[in-house]
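K.L.:
What follows is the residue order along each chain.
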Amino acid sequence: MSSPDAKDSHRQRKTVVTIEDLCKSYMLGHMELPVLKGLDLSFYEGEYVSIMGPSGSGKSTLLNILGCLDKPTSGRYLLGTDDVSTLDDNQLSAIRGKRIGFVFQSFNLIRQLNILENIEVAMYYQHVPKHQRRQRATMLAERVGLGDRIRHRPFELSGGQQQRVAIARALANDPLIILADEPTGNLDSQSGAEILEILNELNAQGKTIIVVTHDEQISSQTHRSVHLLDGQIERIQSNGTGE
Amino acid sequence: MLSRILAILLISLRSLWMHRLRSGLTMLGIVFGVASVISMLAIGEGASQQAQQQIAHLGSTNIILKTVKPPDQEVADASEQTIQEYGLRYADAERFRETIPDAQVVVPVRRKPKQVFYQSRRITAEIVGTVPWYTELAPIKVLLGRFLTPMDMHYSQAICVIDETVLDNLFKFDDPIGQDIKISGEYYRVVGVVRQLSAVSGVQDDTSMQSSAQSNGVGGAVYIALTTMKNRFGETEVQFGGSTGMSGEKVELSEITIKVSSMEHVLPTRDVLANLLERHHKKKDYQIIVPLELLRQAARTKRLFSIVLGSIAAISLLVGGIGIMNIMLATVSERTREIGIRRALGARKSDIIVQFLSETVLLTLIGGLLGMALGACIPILVTVFGKMPTVITPGAMILSFGISAGIGVTFGLYPAYQAANMDPIESLRHE
Ligand SMILES: Nc1ncnc2c1ncn2[C@@H]1O[C@H](COP(=O)(O)OP(=O)(O)OP(=O)(O)O)[C@@H](O)[C@H]1O
Ligand SMILES: [Mg+2]
Chain A
-4 MSSPDAKDSH
6 RQRKTVVTIE
16 DLCKSYMLGH
26 MELPVLKGLD
36 LSFYEGEYVS
46 IMGPSGSGKS
56 TLLNILGCLD
66 KPTSGRYLLG
76 TDDVSTLDDN
86 QLSAIRGKRI
96 GFVFQSFNLI
106 RQLNILENIE
116 VAMYYQHVPK
126 HQRRQRATML
136 AERVGLGDRI
146 RHRPFELSGG
156 QQQRVAIARA
166 LANDPLIILA
176 DEPTGNLDSQ
186 SGAEILEILN
196 ELNAQGKTII
206 VVTHDEQISS
216 QTHRSVHLLD
226 GQIERIQSNG
236 TGE
Chain B
147 MLSRILAILL
157 ISLRSLWMHR
167 LRSGLTMLGI
177 VFGVASVISM
187 LAIGEGASQQ
197 AQQQIAHLGS
207 TNIILKTVKP
217 PDQEVADASE
227 QTIQEYGLRY
237 ADAERFRETI
247 PDAQVVVPVR
257 RKPKQVFYQS
267 RRITAEIVGT
277 VPWYTELAPI
287 KVLLGRFLTP
297 MDMHYSQAIC
307 VIDETVLDNL
317 FKFDDPIGQD
327 IKISGEYYRV
337 VGVVRQLSAV
347 SGVQDDTSMQ
357 SSAQSNGVGG
367 AVYIALTTMK
377 NRFGETEVQF
387 GGSTGMSGEK
397 VELSEITIKV
407 SSMEHVLPTR
417 DVLANLLERH
427 HKKKDYQIIV
437 PLELLRQAAR
447 TKRLFSIVLG
457 SIAAISLLVG
467 GIGIMNIMLA
477 TVSERTREIG
487 IRRALGARKS
497 DIIVQFLSET
507 VLLTLIGGLL
517 GMALGACIPI
527 LVTVFGKMPT
537 VITPGAMILS
547 FGISAGIGVT
557 FGLYPAYQAA
567 NMDPIESLRH
577 E
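Those protein sequence lines, which keep their order, are chains A and B. Per the numbering used here, residue -4 is the first one in the first sequence, and the count goes up by one each step. Per the numbering used here, residue 147 is the first one in the second sequence, and the count goes up by one each step.
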């Protein structure tokens, strides 16, 4: 029992993401609308965290900043050891491509590409050679249980299947963290459960996962739940699972 | 690298293929634009080459002097019987030979349309009285027998050389050599048949390049020695008629052609000639034609012609380009979400630019190729049905292909930049 504990504590000490006094506000005309009001948070390697909170509390905004799609208005954001706030557009693109895997609520697959090609896109921008891309994409499609559908187009798949493709795509470049914004929000409970199972599995294999959700049942399966309220951290709740 | 470019083009091709109708319609603008550039240039080039060829046949190192009838000057005490004397003289030719060192060849010519008889057949032909070295100026090919010789000149022989038209009309299937033909009641023995390769004899003025023979309704030419012509026809042409009774003209030579050693000598020699003639001719009864000048003038005209035609065509290309830009802007806004997804997956701005730019360039290049094919066909139709010469130059092909690629880049850049500079989050939210 002592060795997994040691491993756990080791894991917890190695942070993947640190944010310090992170603020984000939008300008609406001349009015400044603060959305995130000074967040301090750390996520650790191999951690499975859920972000909860009422609608409009800033969950998606936070996730977009974590995913380098958006820039904070002020505060620090360390991804690994890099201070992301100092990076330029090309460097941010590279980080999005290599270190972050996105899973969206609305799947966001590219319509004109087939399943295999959708999974390959992220690798394409990292200049992975074609045959290697093919190989890995096929492997990932099989891993999410769609090995027999790789030539299909997104609209030929069910929502749950599409979200599985999106997860496979997020894994393409073996990212540091997976960011999922309400990944089951558009799915029925059956498909949602399948998606969660895959995420759980990935975490069990050591992936760091941050998931935004409204679903208590999902958050209860994660290690920690960060509750946001009105752009601030209301509370952080440690769940028994996995700890 | 190459495989990546290929991959990008393939992806673009696929995306164009997905919207075949739209891509096709957009492409049409470029197709017609390029086709019209090529056909316009081909027509312009054809016209100018034709003009230049005609002028070049006159010889770019030649200077042609022609007798022209001076405007009628009624002399106050004009008697009823005037013989108007004008034109170039033997003395002129002699003077040129003696005083102009650069003149390599001086060829005096006298022309007169006459009826030519052989047995029962008859044809109106131009009698060309000239010298043996006429062949040095006019590209003449001896088909049968020989051309005039110095001996013919010296003894004013009653021999003649006929051209193909005369041969066909008078002799049909007979062997003409050694036969006698009758001109103005006198007989000439045919010693040779020639083919005139160009219209040298015929330049009537600088604008129309038609042969005088054609314009006078005469076919063919009969060459005789100048001395023979002088002896047999005389120089005075007397006409009866009108209320004045009798009038006459005395003309010694119809034209004198001078060939200089090189093109640099053409213009100075022209000036010397003009001076000489002015001094010895009271009236302006001659005309100086410099093919080289005509050639240069034709080149200038050609350039202007090409610019005008080219601009018209370029405008249609521009319209095509604007059409492409319009469609690409629509495409970009339609694919906003896709752009957002790609950005989220690690695409840099430059990747997005390359993607959209390659679509536009591919569209214009395919359009350009189709336009080139069409542009190669239109001039052929123009030549076949419009009886106009056309010349498609490789330059025009390369130019229009380059232009279409250029249009792709120019009109593709703006939409591509728009695509690249969209905010990833905004794009992802876009429906
Ligand atoms: N581009 C923007 N301009 C102005 N305000 C914005 C913009 N994006 C988000 N907001 C505001 O920021 C606040 C937080 O939005 P966010 O999308 O992060 O909420 P959320 O917690 O994800 O909500 P939900 O659970 O409904 O997805 C909202 O009040 C929203 O109106
Ligand atoms: Mg949200």
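It is worth saying that the hints were derived from the structure and are not from the lab. Careful: at least some of the hints might be erroneous.
Claimed, not checked - Derived lysine-lysine pairs resembling DSS-like cross-links, with alpha carbons at most 25 Å apart:
1) K428(B) to K376(B)
2) K125(A) to K495(B)
3) K260(B) to K328(B)
4) K260(B) to K66(A)
5) K93(A) to K260(B)
K.L.:
Against each hint, give a clear statement of whether it holds in the structure.
P.N.:
To see whether the hints hold, each was checked on the structure:
Distance restraint check for K428(B) and K376(B): the Cα-Cα separation of roughly 24 Å lies within the 25 Å cut-off, and the hinted pair is therefore satisfied. With a C-alpha separation of about 22 Å, the suggested pairing of K125(A) with K495(B) holds against the 25 Å cut-off. Note on K260(B) and K328(B): the hinted pairing holds, with a Cα-Cα distance of about 10 Å set against a maximum of 25 Å. Proximity of K260(B) to K66(A) is assessed by CA-CA distance (about 99 Å); at most 25 Å being required, the pair is judged violated.
For a cut-off of 25 Å, the pair hint linking K93(A) to K260(B) is broken: about 97 Å separates their Cα positions.
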